[in-house]
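Got chain H; can you put chain D on it based on the hints?
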Amino acid sequence: MKITFGLLALLTLMVVFSSCEEDILIKGEFRQKYTLNGIVNGDDSTQFVSILQNYDVEGIDPSINEENMFISGAYVRMWYKDTVYILTDTLISITKQNGQLDEVGIYYTNDFKPAFGERVEIEALLENGRRLKSYTDVPKKIDFVLDEVGVDESAREIPGPYENKFELAWSSVSNKQFYRPRFKIIYDRYFAYDDTRRYEEVPSEYIESEGEYIPVYSGITQGGAGYFSLEALDIAMQKISEGMPVKSGFRIMLLQVEVTIVDQFLAAYYSSSGNLQDEYSISLDKSDYTNIEGGFGIFGSKIIQKTSFTLEPDYIKSFGYNPFYE
Amino acid sequence: MKYYCSKLLFLLLIIFSVQIMGQQRGTLRGLVSDSTSGESLPYGNALVKELGIGASTDANGFFLIPSIPANNTYTLLVSYVGFRTKTLRFVVQPNKVTHMDIELSPSGVELETVEKIGTRVMEENATDIGLQRISMKDLERQPQGVELDVFRSLQAQPGVQTTGDVSSRYYVRGGASNQNLVLFNGVTVYNPFHAMGLFSAVDPEMINSAEFYKGGFTAEYGTRLSSVLDLVTKDGNKNQFGGSATASLLTGKMLIEGPIPNGSFIVTGRKSTSTEVLKKFLNKSAPFNFYDASFKLNYTLPYPDAVSKFTAFGFLSYDEMVDDSPLKEDFNWSNNIFGFNWFLAAAESPLFLEIGFSYSNFKGELLPKLSNSRPKRNELTDFTMKMDFAYVYDSKDEINLGLYFSDLDTKLFQQNELGGIYDVSGKGSNIVAFAKYKMLRFDNFGLDAGIRYNMAGYSKNGGGAIEPRVSMTYRFIPQVAFKASWGIYQQELITLTDDDDIITLFEPWVITPGYIDPSKATQYSAGLELNLLSELTVQGEVYYKVIDNLATINKKKVFPTDNDFVAGDGESYGLETMVNLNTELINLTTAYTLSWVYNTVDGWLFHPRYDSRHSVNVSLEINMGAGWIISGMWYYSKGRPFTQTIGFYDKFSPIDIDNPGSVASAYFPYTMLGDRNLGRLPDYHRLDVNVTKKFDFDFIRCQFSASIINVYDRANIFYFDRDTGEQVNTLPFLPSATIKIEL
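Protein chains in written order, with the working numbering: chain H, 57 to 382; chain D, 5 to 747.
Chain D with its partners taken away, still in its complex shape:
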């Protein structure tokens, strides 16, 4: 350990002692926020008008524009969707970082017929292949259904598949659902679902921004093979106390926020109020009861040029399903997350430093009572400490270094059908160092090359793994950019669930057992981005992903001594296109995905259930003015795989095992299955519409949304009940409404 630390310190010394002698040039750093709340505005735009250079704000609202000729006065245009564009004059000091706090005013709903859309600034060399940035504003505009949900909004992205309306679990570019990393202010949420996966447990009211990597994620992200959803929560209103209350058919929730000296706080709470609407999802009633709560408290030291911000946050969620009948089992599961961060943007140097400590705990339990089920219990505790450094050179190049230490403890107790007890405890520490260099010195070329080195792994075979990652962008002409990425990814934590279980309540996490190597994915992607008009963007990406040692539940396990997992292989490839037309009146996005997914387990090659050859999502939002927004979303996907019935046989019923003569007569008809997932269900399609009206009553802001899911009542098949032959469909025509009141 000492060896690694000394090497790291030496590296840091070299890096920060490098002085790029950019004579008479300086750096502009800005923090863009909402003038009414002080909330930072992620993914906004800053443009130096005279130089034609600019930058986007990051998830924390910061932007950095280096290498600006010093001592001249320039015009800075700062814009954000739904806010008035602000024009500022500034001068940068030579070889210094000039810091600006920039507040944007929201465009008043009642004053204008149509909200202004901020001017878009193109980051010509941004290495962002596979990355989708979603702001809360984007989320609110989509059809909400029963409950506004971050995860369900991801399902509209090309390359993201689902297995039906019931679950908000998602599958990215051929990866299983447990290969998706969900981060809450940088901390892993292990089970981010309510009610069997029907809804996300993270309240969208709390979210300020979301970055979603479908692949090609760079070296700072790890521990999963397929995707990263990085959720950053709001800081809370820095200017005044406020709150909101929202009611839907499923939940009631509240938000309170306000200023504290040099900082702010925000607290949200949500609780299920009625689960009646869930009958539509499950075709039966389920006695769910759930809540979630989150908070964030931040304090910024009052330095004029530097930003030194301390943040404490937490996220708690709890679900239970308690059945009155002693013959039916009970369930409960919870997430508890607490974190502390210190963020520093240095005064005299374009250096960013972030240090964080976090605790994430997941517990899940099945209490069988007197049902046929067997008791199950899973607990996972994750203590993580991390340090991230970023330094931006005058050349615009950037270097990032990080050191992560995560100590994980998993406990799994479960009984199999034969009463055999598994009491498996796993403990491991993942120590990771990463370094990456972002070459952004050329206006038309960007490169992000990095490496993750797992000094120690959670699992027996996980240490020593090296995960190189490269992502690049080359813009031929201002309207056309070529992007590509390559990377190796390792995953050492897996869930003991089967993706053929279309609904599962118990999804235990375990560290990859020693008898198989950790899963490893190699991802390749390449794409073109066409910025034909200022309002029209066309994107196309192709990807290829291979997964080795794909930890798959051992379906042949019958004896306690049999292994829980077997190592399989996975392969997926496809093409994704997206066309986005964004004007002041309408926002139209069309996404198409052509994809293939193959898994090989025990020598059998098959398509997993989330393999859909063609998917189309069309979303249209019309800003009618005067606070009226109409939106619609149409989903289409080619039929998903299922296993066909190839005949029937009379299966011996071993109920009377004391009577061997019963083999003559104790039979029941049983379905014989064909080769796995060789059949295809009918195509899936659905149209959702949403109407939102914003209006003010004196000092109260109101938002009323009415949604209809499955407008034309398409009978999309969920599954066939093999015992009854019944076709079970997904959501039927379902109207719902939400009202939100803000103070």
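For reference, chain H alone in the conformation it holds in the complex:
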């Protein structure tokens, strides 16, 4: 019995000595790193690039950092075909989330608009000699596949032959690009006090949760098709005039399909930035994708391809709106 009590006493002592709170070295030694971000725009001749440096804060809450981390004075060049474009830095005004105006730095050029399938390279030489490099291949053109339901494009009207959902497919020669389709109802408000052209986006679906309709949009996928349910179209049509008693002040033009095509690097960055983990799994160290040699960030490209469809006049009128084309 003596042994038992002796052991129990020893155990208690061990517990007492080891119960004290300990300091945890959550943070390792700070290392200076740089990020470069740029999305080459195949739809415009202005190209933007941002270069930032990393930072440290007291504790582990980075939101307390107030410092502007933009790095100016870097020598930033882009190569497109056989030409070198030099980007210059400037300050632009932005509206912050709290509504206040702020000025941020950015590198830009407005000298070139890359074409489908072309490569653009970038190199940024910082004043301290550090070099950041990357490249992107502007996505290749896609072909919309319009014979899915056996009707000609010019005759294609929505809802038309579709029963539950509208689906548009496309094909591409490249398997290294990704797509995000968006469906927009383009309409005019022609009230005396408000005569503007607007759009209402149609999500893939609406789900009802606790009495509210929550839209579900298509993310970036490798799939070659996008869709929306006709129920989602109905709800989007209603939302155009939500809260407005006079429906005749709305003129519906068309349904525009915009497919944003992104290169594989931007797609990978997009997916690694999103929280796609399930509700219960816990992963400690999320992967941080980058294609920047010598730093962090993303250098990718995008281009938008559009096509449009008409909405059936009778369908438009059923909501009390006027059709633009009749």
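Please keep in mind that the hints were generated in silico from the structure rather than gathered at the bench. Heads up, a few of these hints could be off.
Unchecked claim - In silico lysine to aspartate or glutamate, EDC-like type, Cα no more than 20 Å apart, as pairs: (1) Lys-698(D) to Asp-142(D); (2) Lys-561(D) to Glu-349(H); (3) Lys-332(D) to Glu-349(H); (4) Lys-373(D) to Glu-266(H); (5) Lys-83(H) to Glu-730(D); (6) Lys-196(H) to Asp-662(D); (7) Lys-559(D) to Asp-370(H); (8) Lys-342(H) to Asp-504(D); (9) Lys-332(D) to Glu-264(H); (10) Lys-232(H) to Glu-575(D); (11) Lys-332(D) to Asp-244(H); (12) Lys-221(H) to Glu-266(H); (13) Lys-83(H) to Asp-504(D); (14) Lys-342(H) to Asp-566(D); (15) Lys-83(H) to Asp-725(D); (16) Lys-152(H) to Asp-505(D); (17) Lys-342(H) to Asp-502(D); (18) Lys-169(H) to Asp-662(D); (19) Lys-373(D) to Glu-261(H); (20) Lys-232(H) to Asp-142(D); (21) Lys-559(D) to Asp-341(H); (22) Lys-342(H) to Asp-725(D); (23) Lys-240(H) to Asp-344(H); (24) Lys-559(D) to Glu-268(H); (25) Lys-362(H) to Glu-314(H); (26) Lys-560(D) to Asp-341(H); (27) Lys-561(D) to Glu-264(H); (28) Lys-342(H) to Glu-730(D); (29) Lys-373(D) to Glu-268(H); (30) Lys-560(D) to Glu-349(H); (31) Lys-342(H) to Asp-505(D); (32) Lys-332(D) to Glu-402(D); (33) Lys-232(H) to Glu-730(D); (34) Lys-524(D) to Glu-575(D); (35) Lys-362(H) to Asp-660(D).
None of the values given here were measured: they were computed from a predicted structure.
Just chain D now, with coordinates in the frame of chain H:
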């Protein structure tokens, strides 16, 4: 195939035609069972008093003592923990096997102040390095926590690591959790967990014995690199019908058993009743619902001297998590196992034969509904046929031969974050022949030398592999034994999960893809066993393990065309010691482990998360008499690795990819990580206590257990939430209780 079969038959012919001319000697074979239930008693002891020789019973309750001088009368002492030692007189016939069925009576709780502890017989030359035998009695004495759990009891063994209280997943001698083989009556259980790994899916009420190999497992075991947990279930009460009902804070369960002509049956069922207590584990509620059920039916042909036993068994488990919200995903996963065995212990010959057929199926599914998750589905079907032969020579040497055929079909469907679809099906057959020779003829020396030959492998590159295994024991003096083992192990089935995922619901199994070779481990271990007093055992083992082609999830995979796995390397080594003092009053075990684990992936060397330099487990059980047992378990482990934060940067948010100008302003603060797992969390320690009282009401036996997990409410860190900086702790002070009623 014909070639291999003919070779095997030829080998068998040679082996069994060998007659060791042990003149005037015979063999004693016994089957030790519980007199009240007829349940076999594994790991009990049989000792021939006059000769000072003995043997332990195996997992099926059999013992075999060969080479006993014939025609003399001897005294046999048969003992088992918690049972009265039985003394029998016997005579063996020359050149024959004398069979004895021996029933032991449990020591009555109400009659004695302290339960008798059976006398321990030392098998001086047993080649059992790395092996830990756990009986149901051992399990019941440990602090139970919320639910009695076989896997959690393993965590008290030296060399076994965990990554926190939340999961009952375990890591053995530096191996990943998918390198552990769990067998249910010899059939592989692919996902033996309930509720995200919180509990074992195998109901301990069903288990009769468990053999746990931390390494150095011999040639009959394969398909995994690190450990084997071989669970053998109860047969059921052969004498009378009975049952029990148990309720805990988490589950309710029932057991029914009884005799059938020449046999018995047992059925158990367990279902989650409330998952409220899981909030303590997960820090949030989770709508789990799970059940498991198992059965066993056995029939023994009424031969006087031989044992010919047929067994049919099954194990079913199902988990689901269904969330009312359409924005949250649902999960379900299941195991279905059915098996049939025929066991023969021949009448005139010390020959054992076992033939088994089994079916094991695992299904797991993630239904994303309208959440951000992507759909996932995994199904694995395993048909296995196996034959094992064992023959014991008069010299005590033993030869074992086996032929295993396993046909495996895996299907994995999942979408990656970009919507890319993986629809991967794998099919393969593993045909394995093994042979091993156990040299036990010397009282102070034992050798188990064997080889596994993979005639065909599940994977493209798995066929033709040879896995030699050697294990030995040399006892210098009766109190000191030196043990050692060496072996090569191959694994062709892997899970597509990352050990950095501290909780993961979807753990799909796939056959090692053709672009990497199957993982191979080489294990070395050596140790000393000191039997200083009859009640005191001291064990120390050192081990070294290297793993080549360690299939590791490809963390750099971003495109569907990228490979899912990359081949890494692993290395681990360490020292394990255990001191056990076992008297009638107390049972004290202290285990200490000093270990190092390294993995190398993509040229980076790092410690995996289950690498803890020092671990100490102290368990103490005090038998107070009158049915009272108090037990306590203290766990300590040096801080586990984690990746430190080395700074922050403003990360571009690509939500508005249609607006390239957003690179000027769309940023959120993001944590930069240092070198992988270079930091260390604070030390982990926890004390659990348990009080058990057994008492009888008329014909009803009751057992009430009250447990407290983390008695002194130690704030052991589970992980840091990098987004919020919050320290998430493991289990706090948690009382629980279990009541069991037996008829």
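Hint check results:
For the suggested pair Lys-698(D) and Asp-142(D), the alpha carbons sit about 16 Å apart, so the restraint of at most 20 Å is met. Distance check on the hinted pair: Lys-561(D) and Glu-349(H) sit about 18 Å apart at the alpha-carbon level, within 20 Å; holds. Of the pairs offered as hints, the one joining Lys-332(D) and Glu-349(H) is violated, with about 38 Å between alpha carbons and a cut-off of 20 Å exceeded. A hinted pair counts as satisfied when its Cα atoms are at most 20 Å apart, and Lys-373(D) with Glu-266(H) qualifies at roughly 16 Å.
For the hint linking Lys-83(H) to Glu-730(D), the alpha-carbon distance of about 14 Å falls within 20 Å, and the restraint holds. Taken as a hint, the Lys-196(H) and Asp-662(D) pair is honoured in the structure, with Cα atoms around 16 Å apart against an allowance of 20 Å. Restraint check: the Cα-Cα separation between Lys-559(D) and Asp-370(H) comes to about 53 Å, which exceeds 20 Å; the hinted pair is violated. Proposed proximity of Lys-342(H) and Asp-504(D) is supported: the alpha carbons are some 9 Å apart, at most 20 Å.
Of the supplied pair hints, the one linking Lys-332(D) and Glu-264(H) holds, its CA atoms being roughly 13 Å apart against a limit of 20 Å. Our distance criterion of 20 Å between C-alpha atoms is broken by Lys-232(H) and Glu-575(D), whose separation comes to about 38 Å. As the CA atoms of Lys-332(D) and Asp-244(H) are separated by approximately 38 Å, the hinted pair breaks the 20 Å bound. This hinted pair does not check out: Lys-221(H) and Glu-266(H) have alpha carbons roughly 24 Å apart, beyond 20 Å.
This hinted pair checks out: Lys-83(H) and Asp-504(D) have alpha carbons roughly 19 Å apart, not beyond 20 Å. Distance hint between Lys-342(H) and Asp-566(D) is fulfilled; the C-alpha atoms sit about 18 Å from each other, no more than 20 Å. For a cut-off of 20 Å, the pair hint linking Lys-83(H) to Asp-725(D) stands: about 13 Å separates their Cα positions. Restraint check for Lys-152(H) and Asp-505(D): the C-alpha separation of about 35 Å exceeds 20 Å, so the hint is violated.
This hinted pair checks out: Lys-342(H) and Asp-502(D) have alpha carbons roughly 11 Å apart, not beyond 20 Å. A hinted pair counts as satisfied when its Cα atoms are at most 20 Å apart, and Lys-169(H) with Asp-662(D) qualifies at roughly 15 Å. For a cut-off of 20 Å, the pair hint linking Lys-373(D) to Glu-261(H) stands: about 12 Å separates their Cα positions. Our distance criterion of 20 Å between C-alpha atoms is broken by Lys-232(H) and Asp-142(D), whose separation comes to about 58 Å.
Pair hint Lys-559(D) plus Asp-341(H) holds up; C-alpha atoms about 10 Å apart against a cutoff of 20 Å. The straight-line distance between the Cα atoms of Lys-342(H) and Asp-725(D) is roughly 11 Å, inside the 20 Å bound, and the hint therefore holds. For the suggested pair Lys-240(H) and Asp-344(H), the alpha carbons sit about 33 Å apart, so the restraint of at most 20 Å is broken. Between Lys-559(D) and Glu-268(H) the alpha-carbon distance is near 38 Å, which puts this suggested pair outside the 20 Å criterion.
Between Lys-362(H) and Glu-314(H) the CA atoms are separated by roughly 4 Å; this keeps the pair inside 20 Å, and the hint holds. For the given pair, Lys-560(D) sits about 13 Å from Asp-341(H) by alpha-carbon distance, which is consistent with the 20 Å threshold. With a C-alpha separation of about 35 Å, the suggested pair Lys-561(D) and Glu-264(H) falls outside the 20 Å cut-off, and the hint is violated. With a CA separation close to 16 Å, the supplied pair Lys-342(H) and Glu-730(D) stays within the 20 Å bound.
Straight-line distance between C-alpha atoms of Lys-373(D) and Glu-268(H) comes to about 17 Å, which keeps the hinted pair within the 20 Å bound. Restraint check: the Cα-Cα separation between Lys-560(D) and Glu-349(H) comes to about 15 Å, which is no more than 20 Å; the hinted pair holds. Distance restraint check for Lys-342(H) and Asp-505(D): the Cα-Cα separation of roughly 10 Å lies within the 20 Å cut-off, and the hinted pair is therefore satisfied. Between Lys-332(D) and Glu-402(D), the direct Cα distance comes to roughly 57 Å. Violation of the 20 Å bound is thereby established for this hinted pair.
Of the supplied pair hints, the one linking Lys-232(H) and Glu-730(D) is violated, its CA atoms being roughly 39 Å apart against a limit of 20 Å. For the proposed pair Lys-524(D) and Glu-575(D), the alpha carbon gap of about 12 Å is at most 20 Å, so the pair holds. This hinted pair checks out: Lys-362(H) and Asp-660(D) have alpha carbons roughly 17 Å apart, not beyond 20 Å.
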